[in-house]
Each structure stands twice: as structure tokens, then as C-alpha cells.
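Visitor: Okay, here's what each chain looks like letter by letter:
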Amino acid sequence: NAGVTQTPKFQVLKTGQSMTLQCAQDMNHNSMYWYRQDPGMGLRLIYYSASEGTTDKGEVPNGYNVSRLNKREFSLRLESAAPSQTSVYFCASSGRYSPHEQYFGPGTRLTVT
Amino acid sequence: AQSVSQHNHHVILSEAASLELGCNYSYGGTVNLFWYVQYPGQHLQLLLKYFSGDPLVKGIKGFEAEFIKSKFSFNLRKPSVQWSDTAEYFCAVSSYNQGGKLIFGQGTELSVKP
Chain A
556 NAGVTQTPKF QVLKTGQSMT LQCAQDMNHN SMYWYRQDPG MGLRLIYYSA
606 SEGTTDKGEV PNGYNVSRLN KREFSLRLES AAPSQTSVYF CASSGRYSPH
656 EQYFGPGTRL TVT
Chain B
972 AQSVSQHNHH VILSEAASLE LGCNYSYGGT VNLFWYVQYP GQHLQLLLKY
1022 FSGDPLVKGI KGFEAEFIKS KFSFNLRKPS VQWSDTAEYF CAVSSYNQGG
1072 KLIFGQGTEL SVKP
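Protein chains in written order, with the working numbering: chain A, 556 to 668; chain B, 972 to 1085.
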């Protein structure tokens, strides 16, 4: 039981490049989330998916897109990376009966130069 | 809009000292409250949570938090810290009518000197 897994762990991009961050959970959770963590700002919600087939914007969605591929997987795409997107990205999931209790992945550290 | 404020950005304590980290939130309705911890190099883990009932909640590793509704606060406490408590601590709030979305505070970095 791996919980929430994320790939890659580290990534360096040049401005304008694109990439997709992958997230998968094996806890049969309905809801999945993408956050970014920046120093002094805590975690901010980028997008979330309350259930398979649905996605909604969070606090800071600009510059990102998401896909809920199936119940297990929720990917985050940067179409044209910018230095302001340098951050640590965390994926999380929560179950149907305890939606407020989230389980986090190990994070992806992204640097955009 | 909901917001969460953590008063201290960086706290430095010696082992065996007592700890209290402040957390205030702004939201008028029913909320759920959480403290998460992030040890160096690790991902966030749930430390404790408050949904309803006894406003004094106990979590893992000897931590506890008290919900004071009149003050919109949910402060984290530990009577005697250890070096292994060195980590970053995040307070978070969610409301019943917003599904599982969490709003996080800025985080407090705790450094415990041996």
C-alpha cells in the first residue's frame, strides 16, 4: 500500500517548456488535489477533483491544467512554464467518508529557469 | 473568503521546553480544523484534527490543540518538545459546504536545539 505517489521527484525546466506531473493513489479515494508550496505562503490549492470525471479550480489555477485520468490518477500540466511556477508541488487525496482528511504525496520540486 | 493565520514564522526552543503555536482563522460557519507536520525532507502528515465535540483534541507524539470558537483559534501545544519535533507545522481549515478543500496557514518552522 504505497499511499500517494508522485513523479518525478525533481525537475528543472526552461521558461516556455511544458511538462506533466503525475500523481496516483491506491487508497480508493474519491477526491484528489494539487497544491503548491512556497516559502512563507504555506500550501495553496491549484486544482482539485471531487470525483472521477470532475475537476475544479482552486486558489491559484492560472498557468495549469489538470486531468483526472481515472479514479487513481490525477495529473497536473504546465503548458508553458514560467519562473513564477518554481515551487514544490504536492498531490493529495481524501476518501468519500472523510473528505477533509487528506493524505499527501512526497512532492515534486520544480525549478523553472 | 476563508483565511488562516499562523503567528510565528520561526520558533526556536531547547529540548524539554513547552511549545505553543498560534493559529487563527476567519470564517463564520462550521469548520473543521487540522494541524499537519512536515519533517525535513518528508511529506505532510496529519498531526491532529478537530471536527466536533471536545474542543481539546489530542494527536500523535504528545501534541494537543484547543479549539476556542469565540477566538477563532486552534493553537497547537506540547508540554515538552524533543529534538525530533524539529519540523514545519501547518494549520489548516475546511468548511462543511466546500467539500474537502483545505485552506492552509503560512506554516511555522520549529527548530529544537538538543
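Quick caveat, the hints were computed from the structure, so don't treat them as lab data.
Some hints could be false.
[Stated by the list, open to error] Listed below are the simulated DSSO-like cross-link pairs for lysine-lysine, each with C-alpha atoms no more than 27 angstroms apart in a straight line:
| # | chain 1 | residue 1 | chain 2 | residue 2 |
| --- | --- | --- | --- | --- |
| 1 | A | Lys612 | B | Lys1020 |
| 2 | A | Lys626 | B | Lys1042 |
| 3 | B | Lys1042 | B | Lys1020 |
| 4 | A | Lys569 | A | Lys612 |
[Claimed, not checked] Simulated coverage check for chain B against chain A, where a stretch passes if three residues somewhere in it have a Cβ under 8 angstroms from a Cβ of chain A:
| # | segment |
| --- | --- |
| 5 | 979-989 |
| 6 | 1025-1036 |
Ideal Cβ positions, reconstructed from N, Cα and C, are used throughout, including at glycine.
Visitor: None of the hints should be skipped; say for each whether it holds.
Guide: A quick look at each hint next to the structure:
1. A:Lys612 to B:Lys1020: holds (25 angstroms)
2. A:Lys626 to B:Lys1042: Violated, at roughly 40 angstroms.
3. B:Lys1042 to B:Lys1020: OK: B:Lys1042 and B:Lys1020 at ~18 angstroms, within 27 angstroms.
4. A:Lys569 to A:Lys612: holds (25 angstroms)
5. 979-989: violated (count 1)
6. 1025-1036: violated (count 0)
This entry does not satisfy hints 2, 5 and 6, going by the numbered hints stated previously.
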